[in-house]
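Number of protein chains: 2
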Amino acid sequence: MGFPAGEQLLSEIATNGGHGEKSSYFDGWKAYDGDPYHPTENPEGVIQMGLAENQLSHDLPEEWMWKHPEASICTPEGVAQFKAVANFQDYHGLPPFRHGVAKLMEKERGGMVKFDPDRIVMSGGATGAQETLAFCLANPGDAFLVPVPYYPAFDRDFCWRSRARLLPITCDSSNNFKLTPSALQSALDDARIANIPVKGVLITNPSNPLGTTMDRSTLETLLHFTNTHRLHLICDEIFAGTVFDSPAFISISQILLSHPAADPNLVHIVSSLSKTLGLPGFRVGLIYSYNDAVVATARKMSSFNLVSTQTQHLLAAMLADDDFVSNYLEENARRLRERRDLFVGGLGRVGIRCLEGNGGLFCWMDLGAFLKERSTEGELKLWRAIVHDVKLNVSPGSSFHCQEPGWFRVCFANMDDETTEVALRRIRMFVDRESVVEKQQQKKMRFMKDTGLKLSLPRRLEELAAMTPRLPSPHSPLVRATT
Amino acid sequence: MGFPAGEQLLSEIATNGGHGEKSSYFDGWKAYDGDPYHPTENPEGVIQMGLAENQLSHDLPEEWMWKHPEASICTPEGVAQFKAVANFQDYHGLPPFRHGVAKLMEKERGGMVKFDPDRIVMSGGATGAQETLAFCLANPGDAFLVPVPYYPAFDRDFCWRSRARLLPITCDSSNNFKLTPSALQSALDDARIANIPVKGVLITNPSNPLGTTMDRSTLETLLHFTNTHRLHLICDEIFAGTVFDSPAFISISQILLSHPAADPNLVHIVSSLSKTLGLPGFRVGLIYSYNDAVVATARKMSSFNLVSTQTQHLLAAMLADDDFVSNYLEENARRLRERRDLFVGGLGRVGIRCLEGNGGLFCWMDLGAFLKERSTEGELKLWRAIVHDVKLNVSPGSSFHCQEPGWFRVCFANMDDETTEVALRRIRMFVDRESVVEKQQQKKMRFMKDTGLKLSLPRRLEELAAMTPRLPSPHSPLVRATT
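Protein sequences, first through last, are from chains S and Y. Under the working numbering, think of the first position of the first sequence as 1, with each following residue one higher. Under the working numbering, think of the first position of the second sequence as 484, with each following residue one higher.
By construction, these hints were calculated from the structure, which means they are not laboratory data. Using N, Cα and C, we set each Cβ at its ideal position, and we do this for glycine too. It cannot be assumed that every hint is accurate.
As the list claims (entries may be wrong) - Result set (SDA-like, lysine to any residue): computed pairs, CA atoms no more than 20 Å apart in a straight line:
#1 S:Lys83 <-> Y:His551
#2 S:Lys83 <-> Y:His521
#3 S:Lys67 <-> Y:Ala563
#4 S:Lys83 <-> Y:Trp547
#5 Y:Lys550 <-> S:Glu77
#6 Y:Lys566 <-> S:Asp59
#7 S:Lys83 <-> Y:Asp542
#8 Y:Lys566 <-> S:Glu418
#9 S:Lys22 <-> Y:Asp775
#10 Y:Lys550 <-> S:Pro76
#11 Y:Lys566 <-> S:Pro36
#12 S:Lys22 <-> Y:Asp573
#13 Y:Lys550 <-> S:Gln81
#14 S:Lys83 <-> Y:Leu543
#15 S:Lys83 <-> Y:Glu545
#16 Y:Lys505 <-> S:Tyr91
#17 Y:Lys566 <-> S:Glu63
#18 S:Lys67 <-> Y:Glu553
#19 Y:Lys566 <-> S:Thr420
#20 S:Lys83 <-> Y:Glu546
#21 S:Lys67 <-> Y:Pro559
#22 Y:Lys566 <-> S:Pro69
#23 S:Lys22 <-> Y:Ala779
#24 Y:Lys590 <-> Y:Arg818
#25 S:Lys83 <-> Y:Glu901
#26 Y:Lys566 <-> S:Asn327
#27 Y:Lys566 <-> S:Asp416
#28 Y:Lys505 <-> S:Val295
#29 S:Lys83 <-> Y:Thr902
#30 Y:Lys566 <-> S:Ala333
#31 S:Lys67 <-> Y:His551
#32 S:Lys83 <-> Y:Arg822
#33 S:Lys391 <-> S:Arg425
#34 Y:Lys566 <-> S:His38
#35 S:Lys67 <-> Y:Gln564
To be verified - Just so you have them, the derived chain S footprint on chain Y, three or more residues with Cβ under 8 Å:
#36 543 to 549
#37 567 to 578
#38 607 to 616
#39 762 to 772
#40 776 to 783
Based on the provided sequences and hints, a complete structural model is requested.
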């Protein structure tokens, strides 16, 4: 049976590529998916370093559950709650769940602020939270300003179905990608010149992909700027619970507290349990808005992506255990720091520098020195070689809309120590090989120069990239819910 | 701090009322919420008969869980799976979950058809499924035709954020609200005259609110009509597992099977575990599309509303238990039939007729004889009296866009037998009182006629409705995820 021309009966958004699947960010996942590393079964496979998952502390909630069978509706100790929990579909969520989440958010922020459980809205992952806020705050065509580099899937989450837009605020390595007042102003001016209505600013803090937290003065600048121009400020703080080093994390909620003249109605926080607790499968993304109308509207929209009550019920009990939560946060930070030291230290020993980070599940790695050509195309050639030859799926800066070629986001918390060592060994070999190639090329260049010959020298990396077949992935989980 | 004029910085859809919350359908929930019936604590409270929940068979999954602690990641027997399950966020879903769902869908349809697990897409409840299909198939302003009466929250689910539209296909009691070819054609003609692009037809089968299943010839008419006009056909079959009486349920999938010339690319099914298994809190809504492009696009969109992997994992094990599922479906149908007989039989004994139904969790009750005025306003006056005086939250036909006043949807499976009896007693008292009032009025009318007097007689129900204060509900779960 023919469906003429395949897709013309579908909607524009179903066919316009706005989902962003064709980005190199997702392409790397395909490569991993077609040839995943396994220490014994596929030791030459691709190591997944493109996924911001926290797999370092699962033993802690596991142990908690052993000790607390009554927390689940699936145990003899807890099954009496089955009917009530399975039936509950109120979009406010189970009150103990919202209370637990509010308490966790407070602890993640060092107990410096209070959160009102009645302002917490469920959203099926941070993915859903971003979309919900876009639908609440922006009409189709309206824009939010976002510092680059930014999380690639924001294009899907914030823009795809809402038809909102994201406009870049330029940041670069000259000041460690710090957001400046002039860059902010200039992004707004550019939008106004282009006649694009700007409704707000969207930031990630801690930053994905930088792995850094925003300092107090930058946050104050942002709050002042958005207040002055009557813009919304969305602070995606889903990595708040992954800050493992000084300086301490500062949330926009703390800045609001110390600036009572600022209008809280313009401020909205995105939170999640996926990163802190390593539970992305549970789909606990949350919106915390200081604006009553946004809370009310987002709550109505949450009908589209509530958290399973089975999951709410379990987590409510876990989060109510103060000692567990405090110990978890401390121990998890310790393990993340240790892993960062292992990985970033290893890179340093082969001369690869990373932006100095204090949070997140990744580092922002500078491979500028390895570029044959300082352009996005040059970066993608290097990236293809890393994915297909070195067999590491890292994410190129250009997929994060970074305007400066040569940067890569490398996730380090979704594997064990042994895999981390394998990844480091591969990087070492790559660096060694590159310097040999480099030396040979320099030698040949000198020879040509000396003899007057003009030759088009093959570039090893380009050749490799061209020779490596792209892996088919007919059934790929390439577009994960969130990363 | 002032946020000038409250909401003007929010989006149009946040402020345009498209969510439909102001419908009497949701108003009834507020009334219940402010004064919920409890047999001992609030015996005069409102009984909730506006919620299509299945609470008759929870003991069966409860018992299954007692016997299968290994199915959960929260038990000593199952906790070893915790890390893998909590981490899994692939938007294809856990393969055993999709297999289990496909098998359940087959059993719900009497084993007459096969479903391909690779065509099953998660959608966070049927609420999310409807929205996802709207985004996949319709551009803003595009319309789907829908037989009236239809489920009130389709306006939220299908239209609110997607900006798609629903246009009514007229059905009425003259043929028991059966969809006719001429009504279909006439709805399409009307849309074309009004220059509204029509992209498809949306039906519920079994029907919500009618509680009836569609017969083979009507389904064939629909398939032929949509094929002829190159329209999509969305069949919401979420009540498939609640058919408790003959005739047997016929799914569009069976019609497709016996019409190989029809184009399956135009057919999409919405399914759910909420009604069959009574698990609305678990948010398992599903799309089954025969169109590859729709499956691919809907799967990308499912990033916004995946089912918690904790829930997927548990249900995968439960649905893999063939004996359990078969026994459940049979026993659940038996209990639903028994409840229907109790409730509809009770109504019949006081002279209230319902449309003859064979499925769903509700009946379609005809109170036309009690209307003082045959209009929507007359229906709403009667409804307010029923909610606030009789203290039963039933849903007026007008909230289902029914064009004929006097019909009400009454849910009967979300309570125990005792509460059902209380509801029936209240209805009996109401009918008795109404007939006394009616007789008094007739007597007065006769008296006036005899004496030549002309008086404006107070209408008891109108007075009551006007006197009964509307209940405030500052924190109401009025807009549930689905019903």
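Hints not upheld, ascending by number: No hint contradicted; all consistent.
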